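Heads up: the sequence lines are chains B, E and U, in that order. Heads up: the first sequence is residues 34 to 190, going by my numbering. Heads up: the second sequence is residues 881 to 1144, going by my numbering. Heads up: the third sequence is residues 7 to 766, going by my numbering.
Among the hints, a few may not be true.
Unchecked claim - Sample of chain E residues at the chain U side, in silico, Cβ under 7 Å: (1) V888; (2) V1019; (3) S1056; (4) D1058; (5) L1117; (6) L1127.
Claimed, not checked - Listed below are the simulated DSS-like cross-link pairs for lysine-lysine, each with C-alpha atoms no more than 27 Å apart in a straight line: (7) K120(U) / K61(B); (8) K917(E) / K658(U); (9) K35(B) / K120(U); (10) K292(U) / K182(B); (11) K35(B) / K917(E); (12) K86(B) / K658(U); (13) K596(U) / K917(E); (14) K47(B) / K28(U); (15) K120(U) / K885(E); (16) K885(E) / K61(B); (17) K885(E) / K47(B); (18) K940(E) / K37(B); (19) K1072(E) / K37(B); (20) K28(U) / K182(B); (21) K110(B) / K47(B).
Stated by the list, open to error - What follows is a list of derived Cβ distance ranges for each label pair: (22) V605(U) / P183(B): 35 to 45 Å; (23) A190(B) / G249(U): 19 to 29 Å; (24) M881(E) / A190(B): 37 to 47 Å; (25) P607(U) / K47(B): 22 to 32 Å; (26) D452(U) / G1142(E): 18 to 28 Å; (27) Q131(U) / K47(B): 49 to 59 Å; (28) G1142(E) / H180(B): 53 to 63 Å; (29) K47(B) / D595(U): 20 to 30 Å; (30) G1071(E) / E444(U): 23 to 33 Å.
None of these hints come from the bench; they were simulated from the model. All values derive from a computational prediction rather than experimental measurement. Ideal Cβ placement from N, Cα and C applies to all residues, glycine included.
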Amino acid sequence: MKVKITVNGMLYNKHIPNDMMLLDFLRKYGYVSVKRGCDTSNCGLCTVWVEGKPVLSCSYPAARADGKNITTLEGVKEEAASFGRYMTAQGAEQCGYCSPGFIMAVLAMRRELTDPTEEEIAHYLAGNLCRCSGYAGQTRALRAWMHDKPWEKEVYA
Amino acid sequence: MYTIKTYVFPESLAEADELLQRDTRNTAVLGGCCWLKLGRRRIGRAIDLTRLGLDQIEVKDGWLELGACVTLRQLETHPELTCRFDNLLGQAVSHIVGVQFRNCATLGGSVFSRFGFSDVTCALLALDATVVLYRGGEVPLETFLGSPIAFDDILVKVRIKDDGRRAAYQSVRRSSTDFPILAAAVSCLEGKWKVSVGARPARAMLSAQAAACLEAGQGPAAAGEAAAHELTYGSDLRAGADYRRKLAAVLVRRAAQTCMEGNR
Amino acid sequence: MNLKFVNQPIPKLDGAALTGGKGVYTEDMVPRDCLVVQVLRSPHAHARIKSIRKDAASRVPGISCILTWEDVPQIRYTLAGQSYPEPSPYDRYILERTVRYVGDPVAIVAGRDKDCVARAMRMIQVKYEVLEPVLDFETALDNPVVVHPEEDWFHHYEDGGDPKRNLVCTGCDAHGDVEEALAQCDVVVDQTYYTKANAQAMMETFRTYTYLDHNRRLNVVTSTQVPFHCRRTIAHALGLPKGMVRVVKPRIGGGFGAKQTLVSELFPALVTLRTSKPAKIIYTRKESFQASNSRHQTRVHVRVGAMKDGTIKAVDMHALSNAGAYGEHATTTIGLVGHKSIPLYARQAAFRFSWDVVYTHTMAAGAYRGYGATQGCFAMESAVNELAEKLNMDPARLRLMNLPHVGENMAAYYNEPLTSCALPQCIETGMEMIGWKENYPSVRVDDHTVRGLGMAVTMQGSGISALDTASVTIKLNDDGYYTLMIGATDMGTGCDTILAQMAAEVLNCPMERITVDGVDTDHSPFDTGSYASSTTYVTGSAVVKACTELREKIAAEGARRLNIHPERAEFDGDTVFDRTHPETAITLDKLAQTLVAGVGPQWLTATASHCSPTSPPPFMAGFAQVEVDLETGVAKVVDYVGVVDCGTVVNKNLARVQAEGGIAQGIGMALLEDVNYDPKGQMVNSTFMTYKIPCRTDLPEIRVAFEESYEPNGPFGAKSIGEVVINTPSPAIAQAVYNATGVRVRSLPITAEKILMGME
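Let's have the full structure, built from the sequences with the hints guiding it.
Written as structure tokens, this is what we have:
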């Protein structure tokens, strides 16, 4: 079918297979930050935003994205890099395979929750699995980032 | 592996119904699609309801009306729901996988599929909830869950009586984002109780005897035992039947206790 | 020692690329016209293929080739990524007429896209003669059903195996008279423990793509921990000259040992050879769970005896390990069960460690972080905790009494000397951090909640003694920057970074002057690969050697340019100068330029290899506080403290995250991670929906501390960190659960159901 999908501000006017998932659409057009980690909607690696809300792109029909605005890590590059520096300062990215999906969830959380407690943060991010880190390094990175609030000072394109 | 031959966004429920009736066997009404790829299915026509405004939560005429496309995340965060029933629905869904998942998965998909492990149906069963079907009209949720899946019908919305009942939810999971090993939802309004037990692992059911215990003033522990004995429990890869039965007694008791404390 | 780079928390060199979502992993680099390869797998645990009809499937538009058992080389090989001659039996063909587990490959299908391949897969008609499987590893030995009856089964070593008995290997290692010693003990614990075939569950599944280059050499880009072993095994299994294969390792999305075995490589490789076209295979998560490799499922019987005062006088251990359908890593993981657990208590004890490893019709096991030591640790440490109770002693004190001493030989550890050990300090620090005095054995929280405390200690190795070999080349480029070339494989662990730290330390230059790249067998120096906790210790030593040599060469070459005696020349990292007349000097960038232009050129590189005769053990003490709901049996780890002695900590951040991650995996193993087969041999926990790894709300904020010893044989005093960190959670948590409930769970995982049902 024919769809008009806007990815990071760029409009894609494309014919797609009817059973294509958004993940495959995004990777096809070069958004390689979007990873697949499972077949059962459990891991969170493929997290992108649809109209600003984090969703599992592995389970979101590309057809359903017709007319919608999609954001991947590539679309919030600078803010992601800013948070990414907090991650790398802890070594918490490790293999990095879950990092893009995790960061998309973190940046969505920042927009959605005001002054969340640590428990609320953990709960919001529980859908992002990481096998390398045991999460503690991510928690330290989050704590420092939430404390510094770099988004209040930095300007992101 | 699944395939979809045609993908349509009907512009009205009537159109959706008309498309469905043409070939109920090869047509799928899509929900949140989280598990679409798990099935081996060749779908002739996929009907996407997301453009019909069914993602609304409304309060009217003493009822809460939740559209079929309301996401689990909406159930968790919508102010009209978090302030009602001691946030029963929010508590019930908040453990399900993750925010990304709950932003996709829908109320309609959860209720229509009647998964045994469903937290949503377990919680709704403890409320005075009905299901509105396009063809079948409004039926009590309990009746709906007990009847075979009508593949020629469309779940339009779920209605819950806005009666201010107290409620509580309890569940035990292996991992905190896993399906429940067992779940219990209890509600109470003016001395009338409802006790629902889910993930037995079969679908959630009401325990009339547990409710009767509570109404007779026999206390939460007796209600827990009643639920453990009245309902059947089975074994699967998450737990055995005997363990589930024990859990039922504990979780029902705890939920009932919480309700009572809330009432004081 | 005054260190500038080593012992510092330096961010990973690839951190910005990884967190920036750059296309640096195997799948991101696949050429566009790549054939899609998928494998049709056996639905039966044991069967013989009667016939395969593929004509109709071959005619599906877009299909390039369909290969079955008749189409593959009849060469037995092992997929284990180990030094040649591999200690794993050669018991595989790429495709075979007999299938030995649900998931064993039956046909390789390659086509233009995934849709045509999927269609063709459905159209292949396979007729099986379904045979009785042997699924229970406790009844596999001498079972009338034989997993490997074939005549061409081959093994390089004589280690007691007899495939006709389903026996991969058997053996015994002993010192002193154990039966006699046990008879004299005041107290003996005699128990049996079970661990499961856990999945490594790295986030990036197995994947490979292959193509022929302009020289018609087979290029294999793959997510592997062992590129050089990969090259050798691919050449062998495909019957190619080794020179015709090149393996490239990009960034890897985790391995944990899973990728120390070839899994996905041979399928696209064979397709590329047959079609001359590039080919790729991306494993689904389900395939990764049920058709790759896992930890060896193990039953460990322990008898440990002590005198009333707590002196351990006898340790007897028998381990039965389930190799599954193929023998990768089977004969070697089993050794670590005893060799990494018994030495902690064999100082004054007679010991005996005996073992049997058996074939069954379940998925082949392989390497998973800990590599047998984890299984041994659960059994041995649980038994010691039980012993402490019988002796009415504090388990920490019991351990402190019996630990090996630095300077002594460890009879139970291949008789290697103990050259560094801060385990006693690890125990003391951990007790302090967890609040041992206040919280042991348990504290009551409310009427139905109790918090129990438990502990365990462990050791691992640092590389395989006298076998693991690393080579490193360091090049001085024009402009004075360096290229560090390694064959060790960073799989997210950060070894590229820590090896660059060591190079910067020796060369006394900023990190920015050193570049490190992924591994390419055409360009990288030989390394056995990243496994057996070898990289920091073995490859690190090679880095120190090579960089020291280059430093000397730079000084000598500088002296030549300055026309001074070499002994007067000194290189401080930026400049070579005359020690007696420091104003006579040449800067490194100037020197580097003159070395590659004009008269008397001398491009400077240094290559060094390293192999360590011993494998100095890192140590760790782990402490768990577990809260148990006495009415539901639900156990939650509310605090976990790990105190590690990995020698000098090369990178504080990366070592800490290694430890935290290892502990998290250990907690998953202890509480959640279950692998079960149905009666027909189908794995039932083969997705993240059914095989639960810990998510962040399952874990406490794991706390890690370091007690640094100085290992004289290690680079800058370092030992390993990668594996030792996964071992302690299972026994520590089991003990904590016991202290909270009185229930001993000796069979992992420790589920709420086992706890509650055990309380009756």
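Are K885(E) and K47(B) close enough, with their CA atoms no more than 27 Å apart?
-> Holds. K885(E) to K47(B) sits at ~17 Å (cutoff 27 Å).
Hold the hint about S1056(E) up to the distance rule: shortest CB distance to chain U must be less than 7 Å.
-> 4 Å, holds
18 to 28 Å as the expected CB spacing between G1142(E) and D452(U), which holds or is violated = The hint (18 to 28 Å, Cβ to Cβ) holds, given that D452(U) and G1142(E) are roughly 19 Å apart.
27 Å Cα cutoff - pair K110(B), K47(B) | 25 Å, holds
Verdict for Q131(U), K47(B) (Cβ pair) under range 49 to 59 Å | With a Cβ separation near 37 Å, Q131(U) and K47(B) fall outside 49 to 59 Å, so the hint is violated.
For the pair we were handed, K1072(E) and K37(B), check the Cα-Cα distance against 27 Å.
-> 53 Å, violated
Any CB of chain U closer than 7 Å to the CB of L1117(E)?
-> Hint on L1117(E): holds, closest Cβ of chain U at ~5 Å, below 7 Å.
Would the pair K35(B) and K917(E) pass a check requiring their Cα atoms to be no farther apart than 27 Å?
-> The hint holds at about 22 Å.
Evaluate the given range 53 to 63 Å for the C-beta pair formed by G1142(E) and H180(B).
-> 36 Å, violated
Restraint check for K292(U) with K182(B), where alpha carbons must lie at most 27 Å apart | With Cα atoms ~40 Å apart, K292(U) and K182(B) exceed 27 Å; violated.
Distance restraint between K47(B) and K28(U), which requires alpha-carbon spacing of 27 Å or less | Status holds; Cα separation ~24 Å.
Is 23 to 33 Å right for how far apart the beta carbons of G1071(E) and E444(U) are?
-> 47 Å, violated
Hint compliance for this structure: hints 1, 2, 8, 10, 12, 13, 18, 19, 22, 23, 25, 27, 28, 29 and 30 are broken, all remaining hints hold.
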